[in-house]
Amino acid sequence: MNRSDQRRRIVITAVILGAVALFFYIAAIVRFW
Amino acid sequence: MATAAHHHDEHPTGISRWLFSTNHKDIGTLYLLFSLLMFFVGGVMALVIRSELFQPGLQITNPHFFNQMTTMHALVMIFGAVMPAFVGLANWQLPLMIGAPDMALPRLNNWSFWILPFAFALLLSTLFLQGAGGAPATGWTMYPPLSIQGGIGVDLAIFSIHMMGISSVLGAINVIATILNMRAPGMTLLKMPMFAWTWLITAFLLLLAMPVLAGAVTMVLTDRHFGTSFFDAAGGGDPVLFQHVFWFFGHPEVYIMILPAFGIISQVIPTFARKPLFGYHSMVYATASIAFLSTVVWAHHMFTVGMPLAGELFFMYATMLIAVPTGVKIFNWIATMWRGAMTFETPMLFAIAFVFLFTIGGLSGLMVAVAPADFQYHDTYFVVAHFHYVLVTGAVVAIFAGAYYWLPKWTGHMYNEKLGKWHFWLTMIGMNLTFFPMHFLGLAGMPRRIPDYALQFTDFNQWATIGAFIFGFSQLLFAYLVIQTIRGGKKADSRVWEGAEGLEWTLPSPPPYHSFTTAPVVK
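Chains as they are written, first to last, in numbering that gives the first Met the number 0: chain A, 0 to 32; chain B, 0 to 522.
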């Protein structure tokens, strides 16, 4: 894997994980289940 | 620039090295030093609690201040001492262990750390607001209605918990992004050292749990100030709902504080038994199983709220199931030592102590998991004994094992083995004398979080207080040993320990400021 591919994958991983964290925060409050 | 790039140890000096650092080693050091400082701050609070409990009656605190101490002791130790210690170890070790040049998101890493001193300055400042209700006195669980009625200390604690949560979530994102994307060529996931595996799984738990805690305390904040009634029965809310949301965070949190400890022990025992870890794959699967189960057992913390019987049974059996993968781990550690060429340097002593003492905490955990029996144990000192066996003789002992194990690698100097052994034995005597009598106190019915007690509990409380002072003051030895090792001592070679295996031991001690700038190849 070259450097720019690696950078892209790191950013994608971080964005997905950040979205997951935000989802759990909102889910805890609005309790839409 | 071109010449600077060739210097391996090129780095900023003075305060800017630490303030603006994006280097995983420097940030790891900052985390570890911060954690040690908080360990002493939280420790002083523990000694205030134990001093008050040396005798029945009220001696040195009033009940409100006593409650502030129990609350702050827990918050400081959990979020300030144990968690940052593991993050510090992860920062130092993960890139070295997987052959990466640094963490994946170095600037985020800097931010994750520097949020913490401000969060704790905010939290600790509440101690100086005694005229306005002082520090939060709700217990670290912040159950309403108490947390809705508390003074401004509760608000500041809520803000600081939000900050700690942001720090932890960013740290977790960094760990996952590093492990998934930056492993050296040839290092497949199932070739990673156990410490990296346990941290990867812990990071997912952090990502799941911390936002839920943030959500819970946000709702407390809006109940307090913005007219909502999530938890306020007077407005149609439900205080028990808070307990469900809180423990949905709180139980995974328990495993966040023990899984990296399992990882450390799985590194230390093979080194000093001079054998590869027994059952590596089963260790990985056991860790993942524990993490999964930790998300479906939360209500065992609230057996006494009046759940339906089916709920009690589900949470009881699910909790007991955790003993199975945990037992796999204990078995594997013992099997690793079996017929190994063992030596007993300080890290190994702490690791063996962990296996013994964590198991005691695990077994008392099995006792409190039995729902009908828990009606007796709930909110007594038995619970205090149980979770201190898991967190102190478990997590903290593992942190010591890791610190002694890697200190020569970090500093380039061997620590003083004789002093290390003194620290070990004084710590063992102190901590067991503190926490073991609490089992008896709890079984006899002494409630937790109460500054006074009936006369019959005096003897065991006095033992516990004496033990706490021995435990507390013997930690000064550790601080001295760390400073001594940083300043000098016998040179450590790159391998440090005869039986050590892994990429971090291929680097010199201390490793260069920028290590693995070209990735090593793992066979």
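Certain hints may be false.
Some, not all, of what chain A presents toward chain B, calculated at C-beta under 8 Å [to be verified]:
| # | residue |
| --- | --- |
| 1 | Q5 |
| 2 | R8 |
| 3 | I9 |
| 4 | T12 |
| 5 | A13 |
| 6 | L16 |
| 7 | G17 |
| 8 | A18 |
| 9 | V19 |
| 10 | A20 |
| 11 | F23 |
| 12 | Y24 |
| 13 | I28 |
Covered by chain A, per the in silico footprint, the following chain B stretches (three or more residues, Cβ under 8 Å) [claimed, not checked]:
| # | stretch |
| --- | --- |
| 14 | 176–184 |
| 15 | 215–222 |
Across the chosen pairs, the derived CB separations fall in these ranges [to be verified]:
| # | chain 1 | residue 1 | chain 2 | residue 2 | range |
| --- | --- | --- | --- | --- | --- |
| 16 | B | Q461 | A | I15 | 27 to 35 Å |
| 17 | B | W421 | A | V14 | 30 to 38 Å |
| 18 | A | S3 | B | P275 | 21 to 29 Å |
Source of the hints: derived by calculation from the structure; they are not laboratory data.
Keep in mind the model is a prediction, meaning the values are calculated, not measured.
Yeah, the Cβ is synthetic: ideal placement off N, Cα and C, and Gly gets one too.
Results for each hint:
1. Nearest Cβ of chain B to the Cβ of Q5(A): about 6 Å, under the 8 Å cut. The hint holds.
2. For R8(A), the suggested interface contact is upheld, since its CB lies about 5 Å from the closest CB of chain B, less than 8 Å.
3. Among the interface hints, the one on I9(A) holds; its C-beta lies about 5 Å from the nearest C-beta in chain B, closer than the 8 Å criterion.
4. At a threshold of 8 Å, the smallest CB-CB gap from T12(A) to chain B is about 4 Å, leaving the interface hint in force.
5. Of the supplied interface hints, the one on A13(A) holds, with its beta-carbon coming within about 5 Å of a beta-carbon of chain B, less than 8 Å.
6. A distance limit of 8 Å between C-beta atoms decides the matter here; for L16(A) the minimum to chain B is near 5 Å, and the interface restraint holds.
7. Because the closest C-beta pair between G17(A) and chain B is about 6 Å apart, less than 8 Å, the hint holds.
8. Proximity of A18(A) to chain B is violated relative to the hint, the smallest CB-CB distance being about 10 Å (cut-off 8 Å).
9. The closest approach between the C-beta of V19(A) and any C-beta of chain B is roughly 6 Å, which is under the 8 Å cut-off, so the hint is satisfied.
10. At about 5 Å, the closest approach between the beta carbon of A20(A) and any beta carbon in chain B falls short of 8 Å, and the interface hint on this residue holds.
11. About 4 Å separates the beta-carbon of F23(A) from the nearest beta-carbon of chain B, less than 8 Å, and the hint is met.
12. Nearest Cβ of chain B to the Cβ of Y24(A): about 4 Å, under the 8 Å cut. The hint holds.
13. For I28(A), the interface hint holds, since its Cβ comes within 8 Å of a Cβ in chain B; the closest pair sits about 5 Å apart.
14. Counting residues of the stretch 176–184 of chain B whose C-beta lies closer than 8 Å to any C-beta of chain A gives 4; at least three are required, and the coverage claim holds.
15. For the stretch 215–222 of chain B, the stated coverage by chain A is satisfied: 3 residues place a CB nearer than 8 Å to a CB of that chain, which reaches the threshold of 3.
16. Evaluation of the 27 to 35 Å hint for Q461(B) and I15(A) yields a failure: the beta carbon distance comes to about 54 Å.
17. Between W421(B) and V14(A) the Cβ separation comes to about 50 Å, which falls outside the hinted range of 30 to 38 Å.
18. As the Cβ distance of S3(A) to P275(B) is approximately 37 Å, the hint placing it in 21 to 29 Å is violated.
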